[in-house]
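Trainee: Can you make the complete structure from the sequences, with help from the hints?
Read top to bottom, the protein sequences are chains A and B. With the first letter of the first sequence counted as 1, position 63 gets the number 63 in my numbering; the numbers rise by one all the way through. Here my numbering runs 1000 ahead of the position in the second sequence, where the first position is 1.
Rather than coming from a laboratory, the hints here were simulated on the basis of the structure. Worth double-checking, as some hints may not be accurate.
As the list claims (entries may be wrong) - Pairwise CB distance ranges, derived in the manner of DEER restraints:
#1 K1307(B) / F121(A): 38 to 48 Å
#2 M93(A) / W1409(B): 20 to 30 Å
#3 V1181(B) / F97(A): 28 to 38 Å
Small disclaimer: the values here were computed from a predicted structure and weren't measured. Idealized CB from N, CA, C, for every residue including glycine.
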Amino acid sequence: MNGTAKQYGVIAEFTTTAGIMHAAEKVRDAGFTKWDVFTPFPVHGMDKAMGLKNSKVGWFAFLGGVTGYTTGMLMIWWMNAVNYAIVVGGKPMFSPFSAFPPSYELTILFGAFGSLGGMLFLNRLPRLHHPLLKHRRFSQVTHDKYFLVIETADPKYSEQNTVAMLKAAGSNHIEAVEE
Amino acid sequence: MATNVELPVVPADLQRIPLVNNQRSIGWISDRVMAVTEGSAPLWWWAAFIPSLLCLGMLGFMLTYQITTGVGVWGNMRPVMWGWDIINFVWWIGIGHAGTLISAILFLLRQRWRTGVNRAAEAMTIFAVMCAGIYPAMHVGRVWYDWFLFPIPTYQGLWPQFRSPLMWDVFAVSTYFTVSVLFWYMGLIPDLAVMRDRVKTKTRQFFYGLFSLGWTGSNRHWSNYEKAYLILAGLSTPLVLSVHSIVSLDFAVSQLPGWHTTIFPPYFVAGAIFSGFGMVLTLLIPLRSMCKLEDIITMRHIDIMCKVTLATGSIVGYAYAMEFFIAWYSGSAAEQFHFMNRALGPYQWGWLPMIICNTIVPQLFWMKWFRQNLIVVFIISIVVNVGMWFERFVIIVIGLHRDFLPSSWGYFKPTWVDVCTFIGTFGLFFTMFLLFIRFLPMIAISEVKGVTPEADPHHPLGGAKHEEVIPDDEEGVTT
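Mentor: Structural data, given as structure tokens:
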């Protein structure tokens, strides 16, 4: 906190999953909104401890799947029955049965793009810069440490109280993060 | 982080076999998996890489020779119009099935052991599908017209014929490859962040930083990530079942005795999983000791994979028997002749190894001793893939070589180009795989960390106080 750079937030380090989970419950109950928990792997039950709602990725995948199936069926119908119709072995120009396998594959293909793209969109990734990635201790988040970060932009943030609360929640290492 | 914590005493017969042996800490998992990619490459890696690269070079030469000369350099003839090209295509695609099965179906079935092997199996899938993809692209003869396979609008105004199962196959295989890559890459994002935070050189920092997309491990991100992973698993499950079903429809939709059967889709899928697990075992048994990953890819993993091999091998054996039964029961003379010819005809030398390797040898896995003996498992895993290669040989060559008209019967022999191209695809496969283990984490680090007791906030090792300990981790998957 050298005053020249703007402060992004405070970072509190925890060494166990139970420790960070209880801390997250406390921060949730205190009514903070601009805060997050950083872990090397998804911790089971953390969504509830943070008060997060169900992810919306499913909608993106669903839209992708519907688009894929419709694209497949319409494309095959238009190509083989409208734009350049050829009789093959006396079969109908368009049949939903022979058009099904490619449409089915396109459902999966577009659905997969929808879920990966939806995940990246909801997470606002890719992101080339993040204040935390500059922080010296934060690189341990991909190794074996757990971090809780409260942003200074949070309306409930106050320098003394927030740090005191995190200390009471069991963190033994609290630092400021610069913007 | 394993400090002095008291673990509740569980009776010996109720104890679960841990997924990661020796109570390894989560930091240890990062260190050990990353060690494979750090430092200079070990001698065994070069000893495997150089021959692989030479074989890859041979593949390049063979394909150039084939493209510049024509498909006549292969043994394909009348009436065996599909020879080693389609045999090897189906064989490689089949091998590619274990990866998605492990990553998708076992995920939905909450098989937590899959985390130890899924990354390497997914990589194997992608490289096997690459090898497979070479053959259909090449066997058309004029490879510069391969784009005819895709519905691309051109001045000709022609479109692909979607009533043909070969077109379905184009969509199935290309979707399978794309979705497998997406699934694999998504699983890699958190692990690429692990690499980003460890690598020393500027170039590596730049590339791992770029491909990890700025991943921070935020729980708000994990929440979306896990949902997306679940959906991808849900989408890949029908995909993996459909791909080899559609490959089998290339055969089953035709009117040929021995091909025109409804048993083909499930039988092909079972065979694909069988050969895929064979290849996973072939790769992972040496790798786990070379890379010192015995605590992550444990004997329990080997044991379970042997059981899957046994189960799918038995399904395949049942299908072989059922084909003969149906041929007899159908009363169709052509069908009956085909199956008599399969077992007793001039290609009996191809049918016998198929039966021995696929239905008899894997039955040894009923006995625990065989499943625990790594040398035996390694040999059987190779035998399985030899057997599966002969299965495709039997279906394609025996199916075609005696036509309806005895005047057009023939005897197929591969040429040296066939053999060298096939060996060359191994070069491609192993070159890719060896590069993969040196440049990417071959174990899904964040997933393996997630199944350790340390990751469980209700376990004493996860820091839970005595009163909040849930005695056994019954909540299923953590991911």
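Trainee: At the C-beta level, are M93(A) and W1409(B) separated by a distance inside 20 to 30 Å?
Mentor: violated, 38 Å
Trainee: Is the distance from the Cβ of K1307(B) to the Cβ of F121(A) consistent with 38 to 48 Å?
Mentor: Check passed, 41 Å falls within 38 to 48 Å.
Trainee: Honestly, do V1181(B) and F97(A) meet the 28 to 38 Å range at C-beta?
Mentor: For V1181(B) and F97(A) the Cβ distance comes to about 30 Å; the hint holds.
Checked against the numbered hints given earlier, the structure breaks only hint 2 and satisfies all the rest.
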